[in-house]
Amino acid sequence: MPQVTLKINGTEHTLDVAPNMPLLWALRDKLNLTGTKYSCGIGVCGACTVLVDGAPTRSCLMPATTMADREITTIEGLSADGNHPVQKAWNDEDVPQCGYCQGGQILAAAALLEQNPKPDDADIDRAMSGNLCRCGTYIRIRKAIKRAAQYAAEEGGDV
Amino acid sequence: MNAQRRDDRGNMDRRAFLKTTLLASGALLIGVGSCGNSNTGKTARETWKPNLYVRIDPDGTITIVSKNPDAGQGVKTAFPMVVAECLEVDWKDVHVEQAPADDRYGRQALGGSRGTPDGWDDLRIAGTGALTLLMGAAAKEWDVPTSECSAASSIITHEPSGRTKAYASLLETAATLPAPEVSELKLKSRPSEFKLLGTFVPGVDNPKILTGQPIYGSDIRLDGMLYAVYQKCPVFGGKARSANLEHVRSLPGVTHAFIVPGTDEYSGLQPGVAIVAETFWEANSAREALEVDWETTHADSSEGYAEQAKTLAAEPGETLRHDGDVDATFDRSVTIVEASYHYPFVAHATMEPMNCTALLHESGKLELWAPSQNPQTQRKLISQTLGIPEGRIHVNQVRIGGAFGRRSRLDFAVEAAWIARETGRPVQLLWTREDDMAHDFYRPAGWHHFKAGLSDEGRMIAFDHHFITLGMGGKTVSGARLSANHYPAGLVPNFRLRQSIIETHVPTGPWRSPGHSAYCFAYQSFFDEVALAAGRDPLEFRLDLLSQSFGKPQLDSERGSGTLRVAAEAAGWGREMENNRGLGIAFHFDHRGYAAHVAEVSID
Chain A
5 MPQVTLKING TEHTLDVAPN MPLLWALRDK LNLTGTKYSC GIGVCGACTV LVDGAPTRSC
65 LMPATTMADR EITTIEGLSA DGNHPVQKAW NDEDVPQCGY CQGGQILAAA ALLEQNPKPD
125 DADIDRAMSG NLCRCGTYIR IRKAIKRAAQ YAAEEGGDV
Chain C
118 MNAQRRDDRG NMDRRAFLKT TLLASGALLI GVGSCGNSNT GKTARETWKP NLYVRIDPDG
178 TITIVSKNPD AGQGVKTAFP MVVAECLEVD WKDVHVEQAP ADDRYGRQAL GGSRGTPDGW
238 DDLRIAGTGA LTLLMGAAAK EWDVPTSECS AASSIITHEP SGRTKAYASL LETAATLPAP
298 EVSELKLKSR PSEFKLLGTF VPGVDNPKIL TGQPIYGSDI RLDGMLYAVY QKCPVFGGKA
358 RSANLEHVRS LPGVTHAFIV PGTDEYSGLQ PGVAIVAETF WEANSAREAL EVDWETTHAD
418 SSEGYAEQAK TLAAEPGETL RHDGDVDATF DRSVTIVEAS YHYPFVAHAT MEPMNCTALL
478 HESGKLELWA PSQNPQTQRK LISQTLGIPE GRIHVNQVRI GGAFGRRSRL DFAVEAAWIA
538 RETGRPVQLL WTREDDMAHD FYRPAGWHHF KAGLSDEGRM IAFDHHFITL GMGGKTVSGA
598 RLSANHYPAG LVPNFRLRQS IIETHVPTGP WRSPGHSAYC FAYQSFFDEV ALAAGRDPLE
658 FRLDLLSQSF GKPQLDSERG SGTLRVAAEA AGWGREMENN RGLGIAFHFD HRGYAAHVAE
718 VSID
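Here the protein sequences line up with chains A and C, keeping their order. Heads up: take any position in the first sequence, counting from 1, add 4, and you land on the numbering used here. Heads up: take any position in the second sequence, counting from 1, add 117, and you land on the numbering used here.
Warning: the hint list may mix true and false statements.
Derived pair list, reagent style DSBU-like, types lysine-lysine, alpha-carbon separation capped at 30 Å [as the list claims (entries may be wrong)]: (1) C:K325 - A:K150; (2) C:K209 - C:K312; (3) A:K147 - A:K122; (4) C:K303 - C:K325; (5) C:K303 - A:K150; (6) C:K312 - C:K325; (7) C:K136 - C:K305; (8) C:K356 - C:K257; (9) C:K356 - C:K136; (10) A:K92 - A:K147; (11) A:K34 - C:K482; (12) C:K312 - C:K282; (13) C:K497 - C:K592; (14) C:K305 - C:K209; (15) C:K282 - C:K257; (16) C:K669 - A:K147; (17) C:K669 - C:K568; (18) C:K325 - C:K257; (19) A:K92 - C:K312; (20) C:K282 - C:K303; (21) C:K136 - C:K303; (22) C:K136 - C:K482; (23) C:K592 - C:K427; (24) C:K257 - A:K92; (25) C:K257 - C:K303; (26) A:K11 - C:K257; (27) C:K325 - A:K122; (28) A:K92 - C:K136; (29) A:K147 - C:K312; (30) C:K427 - C:K312; (31) A:K34 - C:K669; (32) C:K356 - C:K325; (33) C:K209 - C:K303; (34) C:K257 - C:K136; (35) C:K592 - A:K147; (36) C:K209 - C:K356.
Derived by calculation from the structure, the hints in this document are not laboratory data.
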C-alpha cells in the first residue's frame with residue numbers, strides 16, 4: 005500500500021493509503037478528521053472543501069498520494085479556537101441550519117476574503133457557487149461574508 | 118406517556134406531574150411525568166423514573182435536555198429556550214444536552230411540524246415547576262410568603278427586604294419540598310411575558326459546527342470500527358439470489374461480504390449485499406467488482422406513468438368533494454381557463470447521506486448512533502427484525518445533516534444493526550450519494566388538471582381539479598394524498614376535486630411540506646393564469662379569493678389575506694419595474710402555517 009506524508013493543519017502525518025484513495029477518505033477514515041464532509045463524491049457540492057496551499061479544493065477528487073508537500077487546511081485547523089473572522093461572523097449571523105455543508109462554506113469564504121477583502125454580492129455568488137446548501141442558507145452566507153470582511157478590517161485586514 | 122398535556126377542551130392534563138430528585142453530587146433533577154398509562158397496578162408515580170428535563174448543579178450550571186432530533190430545524194436550541202424562559206435563568210448559564218431515544222420523553226420525532234406545539238406544555242411545566250420549587254425553598258429559608266419573592270438570572274429576591282439567594286444554594290431545601298402540582302402552575306403564555314423567547318439566539322451547536330467537531334452520525338469513530346456499504350437491487354424490492362462474494366472478500370481492505378435476506382418492507386430491512394472493509398473507500402471500491410444475481414417481481418417506469426396519466430385525464434376519476442354545481446356553472450361562465458401541471462418524483466438529497474453506526478456489545482446490548490427523525494420507531498423495528506428486546510437497544514441521537522422527511526424512514530438503521538451483528542464488530546454503514554438517490558422514499562410525481570370558470574366581473578365562480586396521483590392497491594401512497602378540504606376548498610362556490618390513481622411500486626414518503634410544496638406550485642401557477650385571463654392583478658385576485666367562504670374553509674381567511682398584504686407591502690407590490698423585470702406573488706396554507714412569497718424575476 006502506498007505511503008504518503010500529509011501536512012495537515014501544520015502537522016505532518018505519515019500514513020498508508022489505498023491506491024487512488026481521495027484525500028477526503030484519508031482525512032476521515034485514516035486520521036479521524038471528520039470535519040471534512042462526504043456528500044456527493046464527485047466534486048459538485050463542496051461539502052468536502054479543504055484549502056490546499058490556500059486554495060479551496062474538493063478533497064473527494066484529489067488522490068491523497070498527490071498531496072505530499074502541500075499545505076492542507078481543514079475546518080478543524082482554520083483557527084486555534086474558532087475565532088477566525090469568518091467563523092465568528094457565521095455564528096453572529098446564525099448561518100447554519102443542519103450545518104453539514106458549513107465547514108466547506110466557511111473554508112471557501114475564508115479563501116475568498118483572502119483574495120478579495122471586500123467582495124460584493126456578485127463576487128460572493130461567483131466564489132461560493134460551488135458550495136451547495138440543501139437547507140438554503142445562502143442569504144445568511146452572503147450576509148456573514150460581508151460581516152466577516154468587516155471583522156477582518158477591524159482586526160487589521162488579516163483574514 | 119402523553120406528549121400533550123391537554124384534554125379535548127384545551128385544559129391542562131391534570132395527570133401530568135413533576136418529580137424531583139437530589140443526586141449524590143448535590144444536583145437537583147426535575148422531570149415531567151404523566152399518570153394514567155400504567156397497567157401495572159402501581160401508580161405511575163411509584164414506577165416513574167426521572168426523565169431529566171432540567172438539572173441544576175451546585176456550581177450553578179443549568180443543564181436542559183432537548184429530547185427531539187435536530188436536523189437543522191433548531192429544536193435543540195428552541196426547546197431549552199422555553200425551559201430557560203420559564204425557569205428565569207440567563208441563556209449563558211444554560212448547558213444543553215441531547216437525550217437518547219427514551220419512551221419516557223413521550224414522542225421523540227421530527228415531523229409534521231409538531232415538535233414545538235407538542236413540547237410547549239411539558240417544557241413550560243418543567244421550567245415553571247423548577248422555578249416554583251426554588252421559590253418555595255427560598256421562601257421557606259427566609260420564612261416569608263412565596264408571593265413576596267421574585268426570580269431573575271438564577272437568583273431569587275425577597276422584594277420587601279432585598280435579600281437574595283442563588284438557585285444553586287437552594288437545591289437541598291428544594292429537594293425536601295413536595296413537587297408542585299402541575300394544575301396549579303402559572304405558565305407564561307403571552308409574548309409580553311417573554312424575555313428570552315423571541316430574541317436572537319444562535320444555535321447551540323454552532324461552535325461545534327463552525328470548527329468541524331464530530332457531531333454528526335457519519336462522524337462517529339469507535340475503536341475497531343469497520344465501514345460498510347450496502348448494495349440493494351436497482352429494481353425496488355428485488356432480492357439477491359447469489360453474488361460473487363468470495364472474489365469481493367479477496368479485495369484490498371475487505372473484511373466481510375454477505376447477502377442480507379431482508380424483508381418485503383420498503384421502510385424496513387430491504388434485501389441486499391453488504392461489503393465491509395477497513396475504510397469506506399475500500400468497501401465502496403470493492404463494490405465495483407460486485408456481481409449480483411437479482412430476483413425481481415416487477416419493473417415500473419416513470420415514462421409509463423406519464424402515458425397512464427394522459428389516459429386517466431380523459432376519465433372522470435373519483436369525486437372527493439363537490440360543492441355547488443361545477444359543470445352547470447362552466448356553462449354560464451364568461452371565460453374558461455384550463456391548464457395542467459406536472460412534477461416528477463423528487464428525492465430528498467440530504468447533504469449528509471443516510472448512515473448509521475452500530476455496535477453489538479458483548480453483553481448483548483445493541484447500541485446505535487442514528488441520524489434519525491424517528492429513533493423510537495426505529496428501535497421497535499430493529500427489535501422485531503433482529504429479535505433483540507427493545508430494552509436491550511440503546512439509540513443515541515446525533516446531529517442530523519438534513520432530513521426533510523427522508524429520515525422518518527427506518528431502513529438505514531436496521532441495515533446497520535444487521536450488518537454489525539453479522540460482522541461482530543462496530544460498523545458504520547454509509548450510503549453513497551448514488552445509493553441515496555436510487556433508494557429514496559421520493560416525493561410522489563403528480564399531475565394536476567385545472568379548469569376555472571369566471572363570471573363577467575372576473576371572479577372565479579367554478580373550479581374543477583382533477584388530481585392524478587400514485588397509489589398501491591387503489592389507495593394513495595405516502596405523500597400522495599390531497600385532502601379534499603384543503604385550500605382553496607370552501608373559497609369557491611362551485612368546487613370539485615376529482616382523483617385518479619396510478620399504481621406504483623416506487624417507495625414514496627413525506628418531503629418537507631409533505632405534498633404541499635408540489636400542490637402550492639400547481640395551484641399558484643394556475644391562479645396566475647386565471648388572474649391574467651380575468652385581467653386582474655394577481656395579488657388582488659388572491660385577496661378576493663380569500664374574501665368569500667362557502668362552507669368552512671380550513672384556513673383563517675383574514676390571516677391569509679394579512680399574510681399576502683404583508684408580503685406585498687414588503688416587496689413594494691405595484692411599484693414601477695424596468696421593462697424586463699416583474700414581481701410574482703404566491704400564497705399557500707398548510708400545517709396551520711400561512712405563507713406568502715414574492716419573487717422578483719428578470720428576463721435576459
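These are the hints, each one checked on the structure:
Between the alpha carbons of K325 of chain C and K150 of chain A the distance comes to roughly 22 Å, so the proposed pair stays at or under 30 Å and holds. The straight-line distance between the Cα atoms of K209 of chain C and K312 of chain C is roughly 14 Å, inside the 30 Å bound, and the hint therefore holds. Between K147 of chain A and K122 of chain A the alpha-carbon distance is near 12 Å, which keeps this suggested pair within the 30 Å criterion. Annotation: proposed proximity of K303 of chain C to K325 of chain C is violated, straight-line Cα distance about 36 Å (limit 30 Å).
For the hint linking K303 of chain C to K150 of chain A, the alpha-carbon distance of about 45 Å lies beyond 30 Å, and the restraint is violated. For the suggested pair K312 of chain C and K325 of chain C, the alpha carbons sit about 26 Å apart, so the restraint of at most 30 Å is met. Only pairs whose Cα atoms come within 30 Å are accepted, and K136 of chain C paired with K305 of chain C is accepted, the gap being roughly 20 Å. A hinted pair counts as satisfied when its Cα atoms are at most 30 Å apart, and K356 of chain C with K257 of chain C does not qualify at roughly 69 Å.
Straight-line distance between C-alpha atoms of K356 of chain C and K136 of chain C comes to about 51 Å, which puts the hinted pair past the 30 Å bound. Of the supplied pair hints, the one linking K92 of chain A and K147 of chain A holds, its CA atoms being roughly 12 Å apart against a limit of 30 Å. Restraint check: the Cα-Cα separation between K34 of chain A and K482 of chain C comes to about 28 Å, which is no more than 30 Å; the hinted pair holds. Note on K312 of chain C and K282 of chain C: the hinted pairing holds, with a Cα-Cα distance of about 21 Å set against a maximum of 30 Å.
In summary, the hint linking K497 of chain C to K592 of chain C is supported, as the alpha carbons are separated by about 26 Å, within the 30 Å threshold. Taken as a hint, the K305 of chain C and K209 of chain C pair is honoured in the structure, with Cα atoms around 21 Å apart against an allowance of 30 Å. For the hint linking K282 of chain C to K257 of chain C, the alpha-carbon distance of about 12 Å falls within 30 Å, and the restraint holds. The suggested pairing of K669 of chain C with K147 of chain A is violated, with an alpha-carbon distance near 43 Å, which exceeds 30 Å.
Restraint check for K669 of chain C and K568 of chain C: the C-alpha separation of about 22 Å stays at or below 30 Å, so the hint holds. This hinted pair does not check out: K325 of chain C and K257 of chain C have alpha carbons roughly 42 Å apart, beyond 30 Å. Distance hint between K92 of chain A and K312 of chain C is fulfilled; the C-alpha atoms sit about 25 Å from each other, no more than 30 Å. Annotation: proposed proximity of K282 of chain C to K303 of chain C holds, straight-line Cα distance about 22 Å (limit 30 Å).
With a CA separation close to 17 Å, the supplied pair K136 of chain C and K303 of chain C stays within the 30 Å bound. Proposed proximity of K136 of chain C and K482 of chain C is supported: the alpha carbons are some 29 Å apart, at most 30 Å. About 20 Å separates the Cα atoms of K592 of chain C and K427 of chain C, which keeps this hinted pair within 30 Å; it holds. Among the hinted pairs, K257 of chain C with K92 of chain A is inconsistent with the structure: their alpha-carbon atoms are about 45 Å apart, more than 30 Å.
A threshold of 30 Å between alpha carbons decides the hint, and for K257 of chain C with K303 of chain C the separation of about 20 Å falls inside it, so the pair holds. Among the hinted pairs, K11 of chain A with K257 of chain C is inconsistent with the structure: their alpha-carbon atoms are about 63 Å apart, more than 30 Å. Proposed proximity of K325 of chain C and K122 of chain A is supported: the alpha carbons are some 27 Å apart, at most 30 Å. Between K92 of chain A and K136 of chain C the CA atoms are separated by roughly 40 Å; this puts the pair beyond 30 Å, and the hint is violated.
Proximity of K147 of chain A to K312 of chain C is assessed by CA-CA distance (about 26 Å); at most 30 Å being required, the pair is judged to hold. As the CA atoms of K427 of chain C and K312 of chain C are separated by approximately 57 Å, the hinted pair breaks the 30 Å bound. The straight-line distance between the Cα atoms of K34 of chain A and K669 of chain C is roughly 62 Å, outside the 30 Å bound, and the hint therefore fails. The straight-line distance between the Cα atoms of K356 of chain C and K325 of chain C is roughly 41 Å, outside the 30 Å bound, and the hint therefore fails.
Between K209 of chain C and K303 of chain C, the direct Cα distance comes to roughly 25 Å. Compliance with the 30 Å bound is thereby established for this hinted pair. A distance of roughly 19 Å separates the Cα atoms of K257 of chain C and K136 of chain C; the hinted pair therefore holds under the 30 Å criterion. A hinted pair counts as satisfied when its Cα atoms are at most 30 Å apart, and K592 of chain C with K147 of chain A does not qualify at roughly 47 Å. Between K209 of chain C and K356 of chain C the alpha-carbon distance is near 54 Å, which puts this suggested pair outside the 30 Å criterion.
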